[in-house]
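Read top to bottom, the protein sequences are chains A, B and C.
To convert, note that position 36 of the first sequence is 36 in the working numbering; the numbers rise steadily by one, no gaps.
To convert, note that position 71 of the second sequence is 71 in the working numbering; the numbers rise steadily by one, no gaps.
To convert, note that position 189 of the third sequence is 189 in the working numbering; the numbers rise steadily by one, no gaps.
No lab work stands behind these hints, which were simulated from the structure alone.
In this text, all values refer to a predicted model and were calculated from it rather than measured experimentally.
Cβ coordinates follow ideal geometry from the N, Cα and C atoms, glycine included.
Please note that a few of the clues may not be correct.
DSS-like mimics (lysine-lysine), calculated; alpha carbons at most 27 Å apart, straight line [said to hold, decoys possible]:
#  : chain 1 : residue 1 : chain 2 : residue 2
1  : A       : 94        : C       : 34
2  : A       : 178       : A       : 142
3  : C       : 70        : C       : 163
4  : A       : 177       : A       : 341
5  : C       : 163       : A       : 360
6  : A       : 409       : C       : 163
7  : A       : 233       : A       : 200
8  : A       : 3         : A       : 31
9  : A       : 200       : A       : 229
10 : C       : 70        : C       : 34
11 : C       : 139       : C       : 70
12 : A       : 360       : C       : 34
13 : A       : 341       : A       : 360
14 : A       : 397       : C       : 139
15 : C       : 163       : C       : 293
16 : C       : 139       : A       : 3
In silico negatives: residues of chain C with every beta carbon more than 12 Å from chain B [unchecked claim]:
#  : residue
17 : 110
18 : 123
19 : 255
20 : 271
21 : 294
Spelled out, the chains give:
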Amino acid sequence: MSKLTTDILIVGGGPAGMSAAVGASQKDGTKITVVDDNPHLGGQIWRADLGKIKSAEAQELIALLEQQKISILNNAAVFARTGNALHVETPSGKIEIEYKKLILATGARERFLPFPGWTLPNVFGAAGLQALVKGGLNIQDKRVVVAGTGPLLLVVAEYLASKGARIAAICEQASNKKLDRFALGLWRWPSKIAQGISLKAKLRSIPYYRNSWITAANGESLLHSVTVKRLNKTEVIECEMLACGFHLVPNTELAQLFGCSILDGFVAVDDFQETSIPNIFSAGEPTGIGGVEAAVVEGKIAGLAAIEEWDRARALFKVRHRTSTFAKALDRTFELREELKSLASSSTFVCRCEDVQYGKLTEFGDFRMAKLQTRCGMGACQGRICGAAVEFLFGWKDRSVRPPIFPVKMENL
Amino acid sequence: MINLTVNTIAISVDEGTTVAAAIDAAGVIGFRTSVTGEPRAPLCGMGICFECRVTIDGIGHQRSCNALAAEGMEVVTGE
Amino acid sequence: MNYDVAIIGAGIVGAACAASLSASGLRVLVLDSKNVATGTTAAGMGHIVLMDDSEAQLALTGYSRRLWNKFADELPADAEYDHCGTIWVAADEEELSEVRRKKSVYAEHGADAEILDDRALRELEPNLRDGLVGGLLVKDDSVVYQLCATKFLIELATRYGAKLRTGSRVLGIYDDGVTLDNGDIIAAGVIINAAGAAAAELSPQLKIVKRKGHLAITERYPNFVRHQLIELGYLKSAHGSDADSVAFNVQPRNTGQVLLGSSRQFGVHDSEIDFNILHRMTSRAFEYMPNLKTLATARVWTGFRPATPDNLPYIGKVPGRENIYAACGHEGLGITTSLGTAELLRSMILGQTPAIPVEPYSPSRTITEH
Chain A
1 MSKLTTDILI
11 VGGGPAGMSA
21 AVGASQKDGT
31 KITVVDDNPH
41 LGGQIWRADL
51 GKIKSAEAQE
61 LIALLEQQKI
71 SILNNAAVFA
81 RTGNALHVET
91 PSGKIEIEYK
101 KLILATGARE
111 RFLPFPGWTL
121 PNVFGAAGLQ
131 ALVKGGLNIQ
141 DKRVVVAGTG
151 PLLLVVAEYL
161 ASKGARIAAI
171 CEQASNKKLD
181 RFALGLWRWP
191 SKIAQGISLK
201 AKLRSIPYYR
211 NSWITAANGE
221 SLLHSVTVKR
231 LNKTEVIECE
241 MLACGFHLVP
251 NTELAQLFGC
261 SILDGFVAVD
271 DFQETSIPNI
281 FSAGEPTGIG
291 GVEAAVVEGK
301 IAGLAAIEEW
311 DRARALFKVR
321 HRTSTFAKAL
331 DRTFELREEL
341 KSLASSSTFV
351 CRCEDVQYGK
361 LTEFGDFRMA
371 KLQTRCGMGA
381 CQGRICGAAV
391 EFLFGWKDRS
401 VRPPIFPVKM
411 ENL
Chain B
1 MINLTVNTIA
11 ISVDEGTTVA
21 AAIDAAGVIG
31 FRTSVTGEPR
41 APLCGMGICF
51 ECRVTIDGIG
61 HQRSCNALAA
71 EGMEVVTGE
Chain C
1 MNYDVAIIGA
11 GIVGAACAAS
21 LSASGLRVLV
31 LDSKNVATGT
41 TAAGMGHIVL
51 MDDSEAQLAL
61 TGYSRRLWNK
71 FADELPADAE
81 YDHCGTIWVA
91 ADEEELSEVR
101 RKKSVYAEHG
111 ADAEILDDRA
121 LRELEPNLRD
131 GLVGGLLVKD
141 DSVVYQLCAT
151 KFLIELATRY
161 GAKLRTGSRV
171 LGIYDDGVTL
181 DNGDIIAAGV
191 IINAAGAAAA
201 ELSPQLKIVK
211 RKGHLAITER
221 YPNFVRHQLI
231 ELGYLKSAHG
241 SDADSVAFNV
251 QPRNTGQVLL
261 GSSRQFGVHD
271 SEIDFNILHR
281 MTSRAFEYMP
291 NLKTLATARV
301 WTGFRPATPD
311 NLPYIGKVPG
321 RENIYAACGH
331 EGLGITTSLG
341 TAELLRSMIL
351 GQTPAIPVEP
361 YSPSRTITEH
């Protein structure tokens, strides 16, 4: 086990974390360390194609980071804390990092909902398949259905098509009404319109179904088709892959481990992105699903606040306000419809780690009892996948968080 | 190129390729076997779901989606 | 509604009492401030093990173990009853003499135990390190997923007409009933305090302290360990005394997971994970089983053992009270001794002769603290 000390410790190397590092680097002599559990910086959104980040914004941030000689620890998973130190597992062993100020930029994960066949190989998350392709997965000529909900579906479809996939259909569960209202309101965020127009142009030849969702993934041990609900009927679409995600849920486990206040599922922060625990800041998706622009500005504010550059942080409040209204519009538009609660049959697995069926869970009144009696949510992912599902399906919210928040080698505990 | 084996199948991949992508390139479908015996493969692609766990160089339960393929690596699936 | 018996606590001891008494035709109500198997029962290892720290302990664990092995056929699959046996591991010659002593005591008690030499030990448990001198294999010990076993005991009780009421805390016990936090008064002829670590709050006559413990569980590694393994070195370490201590204790779960214990701490009341003692616990385990080091550890948790001054449970009438019985203070052996406790209490309540002498467990006993 080795020990490190730093002035500012940033957890997460995505847009919010990188931007926070840039913000905090504005004061000379401040020691900044970024830990990230991926092989490269960039987070999920800027996840590199085979390790090479392409986004101009990301490049700029990386250049800044390099000049400022910020310490970066990749492949480093934070799993516990004691006092003012984080316990981190890396391929070369455990590191304890002591900090003065902490910025949690832990990002988000996809929300998954169980439906018959969702455990078949080649059923992926939407962002999930994109991430795998960025890691070198070959999808040339593969027939792919993209489904679920959220603005991500279009981005993913366009990306997969650019990598040679044949997109059979995009199924968005949100209603026409909600999507139209969202589109009409986009004038408030001009950059989003530009992004939207260019996406639409690229996706012109692909069937885009609204009010539409997957009711089953079909196959014996491998996916061969999906059953899609559309216009009051169901149809079967043949495909080799399904990329299905239901928008995003924040990664708040580390904030919870510190006892930071959580409001409506998100880490509560003040104007300067400080959580309810002094000297612990949070930025990006853990504080509200708002996308890259929001993450970048929140990260910058958190970084500046951490070095007590209050005025410079305050100067960014206006920009942040604009991005936060976008986050609210996203939530309204892509709210999950009730019908999705009845997709799982009684034999559909809800907890994929412990193979706990939907029917078994209906015997219990709360998550704790279901956990103790069925081990639902007690497997390797520690409820990160089924937790969001049972919250939607049963309204169970009581997710307790205990270290290690990720499985670690016993010698690293 | 990086040379590794997946279930003793020799395969070469570009530098920066994840173990998950290398497993797929080797034509292997099931990454792990679930508690009730189902074959499972990557879902989230970002180290959250643990469905892509395999044995890498003798160490079990490693997430293949956020591990990079390395020269001489021995990957075994189906744990 | 009047009940013959009100049982406070739906942990495994309360559940076993409910199953036994309702099967005898009594009208039983089980009360729990939270829910079935959510206290110490949920935090434990689920071992069913013969122990001989004292004669009375040997009698109770032996009796209970026989009941478990009979009950095993009735248990549902999710109770994961596994007749895996225990191996007491000896690291040196001194501990090997303890193996011989233990074997002869167990033999006197009619319990099967086999002495293993170093080679036999390695063959049965290849992940133990080289250089251990031997062990004692106790074949009739088992492991159970105690949470589902407890739920099943409650189900048995309800089949016989028992009622379960969860989510209300008992505030007071009287000779003819109990009062609840919502103001309800429940009348019952007999009250059983099976409130585990909270039992002394309701019956201050009982001396129970909380001994905090840590456990860690790994992901699935089928066959990594095949028996419950316990070090005999605890004799020399401080595990029996009042100081904080750790001991090597590992258990195979039916799932293929490896469950690792154990630690003991006195006077600690918060349930936080203490990395210092956890580290001592894992380091101790690595001395016996170095290959544990690289196993992925999925979860760590803590729990509180309800300990009495002489390490024996309270089973019988609460001193000075006519209709109030105690079934608590089982420390780390509540799963093992739950069934025995229930049968002994049933005999006492029905005025029958208990299967083993009950005086050593009497809440009125004089306890000389060591």
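Hints, one by one, checked against the model:
no., hint, in the structure
1, 94/A x 34/C, "violated, 38 Å"
2, 178/A x 142/A, "violated, 31 Å"
3, 70/C x 163/C, "holds, 25 Å"
4, 177/A x 341/A, "holds, 21 Å"
5, 163/C x 360/A, "holds, 22 Å"
6, 409/A x 163/C, "violated, 45 Å"
7, 233/A x 200/A, "holds, 26 Å"
8, 3/A x 31/A, "holds, 15 Å"
9, 200/A x 229/A, "holds, 23 Å"
10, 70/C x 34/C, "violated, 30 Å"
11, 139/C x 70/C, "holds, 15 Å"
12, 360/A x 34/C, "holds, 21 Å"
13, 341/A x 360/A, "holds, 16 Å"
14, 397/A x 139/C, "violated, 43 Å"
15, 163/C x 293/C, "violated, 46 Å"
16, 139/C x 3/A, "violated, 46 Å"
17, 110, "holds, 39 Å"
18, 123, "holds, 22 Å"
19, 255, "violated, 7 Å"
20, 271, "holds, 26 Å"
21, 294, "violated, 6 Å"
The structure shown violates the earlier hints numbered 1, 2, 6, 10, 14, 15, 16, 19 and 21.
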